[in-house]
Amino acid sequence: MEFLIGIQGEDFVLVASDMTAARSVFLLKHDQDKMFELSSKLLMLCVGEAGDTVQFAEYIQKNMQLYKIRNGYELSPKAAANFTRKNLADFLRSRTPYMVNMLLAGHDDQDGPSLFYMDYLASLQQVPYAAHGYGSFFTMSVIDRLYKPGLSKDEAQSILQKCLDEVQRRFIINLPMFQVRIIDKDGVHQLPNLRPKPAV
Amino acid sequence: MSDRYDRAITVFSPDGHLFQVEYAQEAVKKGSTAVGVRGQDIVVLGVEKKSVAKLQEERTVRKICLLDDHVCMAFAGLTADARILINRARVECQSHKLTVEDPVTVEYITRHMAQLKQRYTQSNGRRPFGLSTLVMGFDYDGTPRLYQTDPAGTYHSWKANAIGRSAKSVREFLEEHYSEEVSASEHETVKLAVKALLEVVQSGAKNIEMAVMKRGEPLKMFELEEIEKFVAEIEKEKEEEAEKKKQKKAGKET
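So the protein sequences, as listed, match chains H and D.
Following numbering that gives the first Met the number 0, the numbering of the first sequence begins with 0 at its first residue and continues without gaps.
Following numbering that gives the first Met the number 0, the numbering of the second sequence begins with 0 at its first residue and continues without gaps.
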């Protein structure tokens with residue numbers, strides 16, 4: 000029922016997540032933050048089993064901090080993604096696997112922007128755009144049609160708006176609010192929360 | 000008599016000494032000097048840089064280490080032991096944040112390191128850590144702190160302290176010159192630390208490493224030029240003092 004989406008542009012990555020926290024039929028929170036800042040220029044969006052998400056994300060976050068203190072510089076987005084993948088893979092075949100699906104979005108001074116898709120089986124791929132959750136069934140085809148390499152910030156935001164409108168129109172679960180952030184060479188920036196257009 | 004009681008760490012001597020711990024403290028006295036001064040809005044650490052061999056590459060940051068964004072430390076004694084201790088402290092800083100969601104207080108991490116050191120004075124098969132540390136930083140309520148640990152595992156809070164070679168004379172110097180006025184001014188606090196180190200380090204700025212931390216700001220290592228500026232200022236003050244004394248003397252004599 001949760002939804003994550005990421006779109007890589009010219010020199011940035013635009014990401015959005017829904018803000019609902021639900022248990023069975025109850026909506027516990029409508030302003031849940033599912034994004035974790037792993038470092039100054041790396042964001043992790045995490046959905047999945049209740050509790051596993053925050054536990055795993057914070058564990059990775061603190062290990063990234065430890066790396067920074069130990070070595071004096073932060074892990075690059077690619078290195079961090081692989082570190083996360085390795086941890087998830089190790090836990091997968093233990094008695095305590097984590098059921099989490101993630102998007103990692105970051106910007107590196109050398110390699111530029113990068114978006115990584117990771118699922119609960121610890122498969123990792125760098126992709127130009129990605130989504131997690133039931134909403135991905137509706138939005139991937141929208142982005143397939145509209146995406147081109149080297150998008151500007153405005154173009155990416157308009158694609159994002161169209162995706163969220165599609166989810167609102169065709170997904171049975173109501174996701175009324177989305178948190179939007181953008182990562183570029185100056186770090187992570189919060190954009191205003193997006194409300195998709197009402198279905199009727 | 001003592002040679003029968005200093006083999007094993009876990010053996011007291013008849014007059015109540017743990018000789019291994021005392022020998023570890025001797026190892027500390029051989030290490031290069033480190034000075035720490037706590038101001039009201041700034042905390043300063045200074046260390047004596049041992050001169051490197053001709054063919055050795057000089058690495059700038061070695062003896063002042065960051066434990067977390069708001070805590071750092073300097074040490075005197077066995078560098079290899081320090082590496083282990085610093086690593087454990089760094090992991091503990093993050094572990095603490097993971098479990099209680101708050102950054103460590105300076106006292107907590109000092110206590111953790113001290114407890115670790117004490118554990119090594121009470122188990123057999125292990126020798127004590129041969130180093131003393133100066134831990135400084137700001138708690139999240141903004142209070143500046145400076146703590147010192149020693150190989151026995153004791154720790155105390157200090158306004159200003161020195162460890163390592165000639166620590167006693169540097170500490171006496173600090174006792175003479177530290178005052179509330181000095182601690183209120185950031186510039187004076189740094190100058191006091193440099194002055195104290197210059198008592199031991201004869202060769203000047205190029206054998207001194209300084210780091211400061213201000214409330215809410217990350218650790219800042221000083222460049223050589225900045226240290227040289229302080230040294231120049233101190234030298235000028237010394238000369239002016241000497242001039243004044245000479246004139247006074249001359250005035251008395253005539």
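No lab work stands behind these hints: they were computed from the structure.
Even for Gly, the Cβ is constructed at its ideal location relative to N, Cα and C.
Please note: incorrect hints may appear among the correct ones.
Incomplete in silico selection of chain D near chain H, CB under 7 Å [to be verified]:
#1 Arg89
#2 Gln93
#3 Lys96
#4 Leu97
#5 Val199
With a straight-line cut-off of 25 Å between C-alpha atoms, the simulated DMTMM-like cross-links for lysine to aspartate or glutamate are [unchecked claim]:
#6 H/Lys61 x D/Asp101
#7 H/Lys67 x D/Glu216
#8 H/Lys61 x D/Glu236
Hint-by-hint comparison with the structure:
1. Arg89: 5 Å, holds
2. Gln93: 4 Å, holds
3. Lys96: 6 Å, holds
4. Leu97: 5 Å, holds
5. Val199: 28 Å, violated
6. H/Lys61 x D/Asp101: Between lysine 61 of chain H and aspartate 101 of chain D the Cα gap is close to 12 Å, so the pair holds against 25 Å.
7. H/Lys67 x D/Glu216: 16 Å, holds
8. H/Lys61 x D/Glu236: 47 Å, violated
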